[in-house]
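Sequence lines, in order, name chains R and U.
Counted from 1, the first sequence has number 404 at position 404 by the numbering used here; the numbering is strictly sequential.
Just add 1000 to wherever you are in the second sequence, counting from 1, and you've got the numbering used here.
Careful: at least some of the hints might be erroneous.
What the hints assert, rightly or not - Here are the simulated distance ranges between beta carbons:
# : chain 1 : residue 1 : chain 2 : residue 2 : range
1 : U       : I1122     : R       : I28       : 49 to 55 angstroms
2 : R       : L31       : U       : K1087     : 30 to 36 angstroms
3 : U       : K1087     : R       : P165      : 42 to 48 angstroms
4 : R       : D367      : U       : E1429     : 35 to 41 angstroms
5 : R       : F58       : U       : N1051     : 54 to 60 angstroms
6 : R       : Y169      : U       : L1432     : 31 to 37 angstroms
7 : U       : N1339     : R       : D367      : 30 to 36 angstroms
8 : R       : S362      : U       : P1425     : 29 to 35 angstroms
Claimed, not checked - Covered, in the sense of this in silico footprint (three residues per stretch, anywhere, with C-beta under 8 angstroms from a C-beta of chain U), are these stretches of chain R:
#  : region
9  : 67-79
10 : 153-160
11 : 168-178
12 : 186-199
Just so you know, these hints were derived from the structure itself, not from any lab.
Being a predicted model, the structure only gives us computed values, none of them experimental.
A virtual CB, placed ideally from N, CA and C, is assigned to each residue, including glycine.
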Amino acid sequence: MTANYLMMNPLSFPILSTTIFLPLVGGIIILFLKKDRDIKVAALAAGIITFLVSLMLFGNFRPDTQLFQLGEFIPWIPSYNINYVLGIDGITIFLIILTTILTPICVLCSWTAIKDRVKEFMFCMLVMETAMIGVFCSLDFVLFYIFWEAMLIPMYLLIAIWGGPRKDYASIKFFIYTLFGSVFLLVAIIAIYLKTGTFNIPEAMFRGYGLNFQIWVFLAFAIAFAIKVPMFPFHTWLPAAHTEAPTAGSVFLASVLLKMGAYGFLRFCLPITPEASVLLAPGMIILSVIAIIYGGFVCLAQTDMKKLIAYSSVAHMGFVTLGIFTFTLFGLEGALLQMLNHGVTTGALFLCVGIIYERTHSREIHDNAGLGRITPIYVGFLGLFCISSFAFPGTNNFVGEIYVLIGTFIGNRVAGLVAVIGAVLAAAYMLRLLKQIVWGRVDKRDISDMNAREVIYLAPLVVFVFWVGLFPRPYVSVIERSLANLLEQMGPFIR
Amino acid sequence: MILILPELTILLFSVFFLLISLGDRKHNPANYAGPLSTFVLIISLLTLRSNGTLFSGAYSVDLFSQVFKLMLSLGFCLILYMQGKKKETEENYGAEYFMFLGFSILGLMMLVSSVELISIVISLEISSYSLYCVVPLRKGRTKVQIEASMKYLFFGAAATGIMLYGMGYMYAIARSTFLADIIKVMPSFISEPVGIIAVVFVLAGFFFKLSLFPFHFWAPDIYEGASNTTTTFIATIPKIAAVALLIRVVMLAAPGAQELINILIILAAVSMTFGNLVGLVQRDLKRLLAYSGIAHAGYIMLGILSMSRDGNAAAIYYIAVYLFMNLACFYAVILLSGNGENVSVDDLAGLAKRSPLLALLLAAAAFSLAGIPPTGGFTGKLFLLMSAFKAGHLNIVVIAAVNTVISIFYYLNLVRISYSRDALPGGGEIRLSFQEKMLCLLLTGLILYTGLFPFGLLEAFKSMI
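Using the sequences and the accompanying hints, generate a full structural model.
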């Protein structure tokens, strides 16, 4: 069966299923291995192979169509019209590649940091990867929901077992917060199913539901996604979870899990409830702007490096949601770019914190201050990612933020002005962090600089920072068609 | 004769243990229980397709009843293998213990085939009285199990009394004790107080078995007082039959008056909320599971109060999943407690290191009970929510959804303690035998299987209603 929204996979093998389940297969193989070293190598291999397959995905991707592509369709629970439908478009392609490139990086960064229960750790990571890719590929609500929720279990275990001192509190808070949002998502999904008779996501888009229905569904969606993003005032789980999670967990959380909220807005709220989205956009814009400013000020007051970066995520994700709800092409493109940029930059910053934490066993800025002379390579990397984080021209975040700001100024000048203040705040707190870390103290300490393994896993992210920063066009051209199509279909509803 | 073959086999099972109990007590009767129950399971499987009525229409053998008999014997078989050679009962009553369990299964098998009020009462009582006898057989002479069995008896008797009262009304309405006759006249009475009272009161007997609010009071004490295996039995097997009978009785009232549905919605809502809230503060693992059972009784009502084919199929699917996930939880309890003593939540500390497989089993069961994909608990709950939503009961759907969030706290606690705490002093490695390992894997597999591949079972359940 082929549907009009889906271009079936032209390849000889189901490439999306392969990408999704390769990590899981790797994880299961790991369960049978005995030595820690073998386990790590196997996990790394699984991660790299998945990454290579996802590059094939990119190779076969056609940017000239707005349809979902490389699709797969298998009936699953026919009596409820639940199907195993996969497909990707311009919105998801880079998110998938971001996930697949981060997994081997996370395996590498945990190489020496995780000493206890390595097998379980790597298994959790690979299961996470499967679930995360699954979320981005699913075109069926039930399938989507299963991946969406299944992600919670390994993430929970990552925090609860290998986390910091307050892991109990952080992991439970994370789980309950997210689950609370998800159950409303589930109710909304059922509501849509009863209205349309299908669990198919593309078939549920732009069906012209009644405004009342749209508002309720939008609100149910919005709670789930706003918690995941997280938008102010649902952000309180994030600093706890980020701070207590092991480095790899923080990277996954910041780089991929947060993107799922924003992805949810793009994939569900806008196309399924367009009228309600337009109607309630002012509220979302206000919350986004609050997040930008609030996140910035809170960051200024942090003494814990991880917490600072966690709160900066709140501010950065504020830019993403701001861009989405401007309903301009610039805004949407900026939001999507910003999702990728934040994934790379913040992920890299967490990796940097992890590297120094392994050496000093402290995340306090003061304990790690004055590293400029002691570990020049490390400070170089950290500095680069910091200036990228506050959107220095020539780095990736600059492109994303400028797109979002252009979009915002087209739609709403006041919000644009406030957002600019937020951007300045970002420079303030990041430079403050950088100043402390590089020149904060003058005493001599015995801290070794980054080793080859650490340089290797940060290097691809550096490449990405400059690539997007200097030549964003290839990226934009891939995502453009899908977003333009989304905007075009929303056209009648935007006043 | 061939029609009631499963019943006859389980009767033979009990008689066999009756004879053993007369002989010398050198043999461990547990050696025979497992294989014999497997035999019962095979017989139920072979007679799955039999069809017919017996005893002038009071006893109906159809796919509906046979599937339930299969589920009953499957659960029974698993429980007996789960108990293995553990000695949780009084030394001298080993054989009687299995005899009574067999009689209880016999009663439940008869119950799911009964389509007449008197037969329903008799089968229900056969099953209940056997269980009243089983509860005090726990090893060690403490007052706890005696108290538990007395409570069970009194609450059970009260529930039966209420049920009989309702049946009296039903007879008064229809002048017949056959469900087939009652269903003809019931629709015209279902909006009247007498019809509602009749149906709700008859349901009460099964609410008791399912431990639905307000018939839940026995559950925590019985769970705590009875031995681990007995609790496993009481917590799962009678509930299966109760669901079958709830469906049969509610079908009498279908499509159902709003008042009746409102009553059921309120009971379901209170049951799940109460169960989950009290579950939050429990320290004894079996008590915790008792409250979780009360909450799950509420979830199952979602399917039944939808009064539709989808809803009933969803309820049956959920009780099947519930059987597996509850068995999994209790298996962890049985294996953790060396000599049949109760297990507290804190005893789970370090389980992941003491026995990774057991921790995995418990985690799968806990996530399934909480309704997290990709486990059966999620898929079952999805079907329940969908059927209730379809019938227009959005309020109870939202309540159930919020309850999922409440309940995750204590289910997650089980996982958290077993994975992130260090073992208590004296908590060495738990060595599992081959059979125990296989059972752990089987139960985990069943929980995941029901979560990911529900179609076959669901279709089967739909086709039999």
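Verdict on chain U covering the region 153-160 of chain R, where coverage means 3 or more residues with a C-beta closer than 8 angstroms: holds (count 4)
Stated coverage of the region 168-178 of chain R by chain U [criterion: 3+ residues, CB within 8 angstroms]: holds (count 5)
Status of the given 42 to 48 angstroms range, CB of P165 of chain R versus CB of K1087 of chain U: 43 angstroms, holds
29 to 35 angstroms as the expected CB spacing between P1425 of chain U and S362 of chain R, which holds or is violated: For S362 of chain R and P1425 of chain U the Cβ distance comes to about 32 angstroms; the hint holds.
Supplied distance hint 35 to 41 angstroms, evaluated on CB atoms of D367 of chain R and E1429 of chain U: Holds - the Cβ-Cβ distance for D367 of chain R and E1429 of chain U, about 39 angstroms, lies within 35 to 41 angstroms.
Beta-carbon spacing of N1339 of chain U to D367 of chain R - inside the hinted bounds 30 to 36 angstroms or not: Violated, since N1339 of chain U and D367 of chain R (Cβ atoms, about 51 angstroms apart) do not stay within the stated range.
8 angstroms C-beta test of the region 186-199 of chain R against chain U, three or more residues: holds (count 6)
Distance restraint evaluation - F58 of chain R, N1051 of chain U, Cβ atoms, bounds 54 to 60 angstroms: 58 angstroms, holds
Stated coverage of the region 67-79 of chain R by chain U [criterion: 3+ residues, CB within 8 angstroms]: holds (count 4)
L1432 of chain U and Y169 of chain R - C-beta distance against the hinted 31 to 37 angstroms: 33 angstroms, holds
CB-CB spacing for K1087 of chain U and L31 of chain R relative to the 30 to 36 angstroms hint: Holds, since L31 of chain R and K1087 of chain U (Cβ atoms, about 34 angstroms apart) stay within the stated range.
Satisfaction of the hinted span 49 to 55 angstroms by the C-beta atoms belonging to I1122 of chain U and I28 of chain R: 51 angstroms, holds
Violated hint: 7 only; the structure is consistent with all others.
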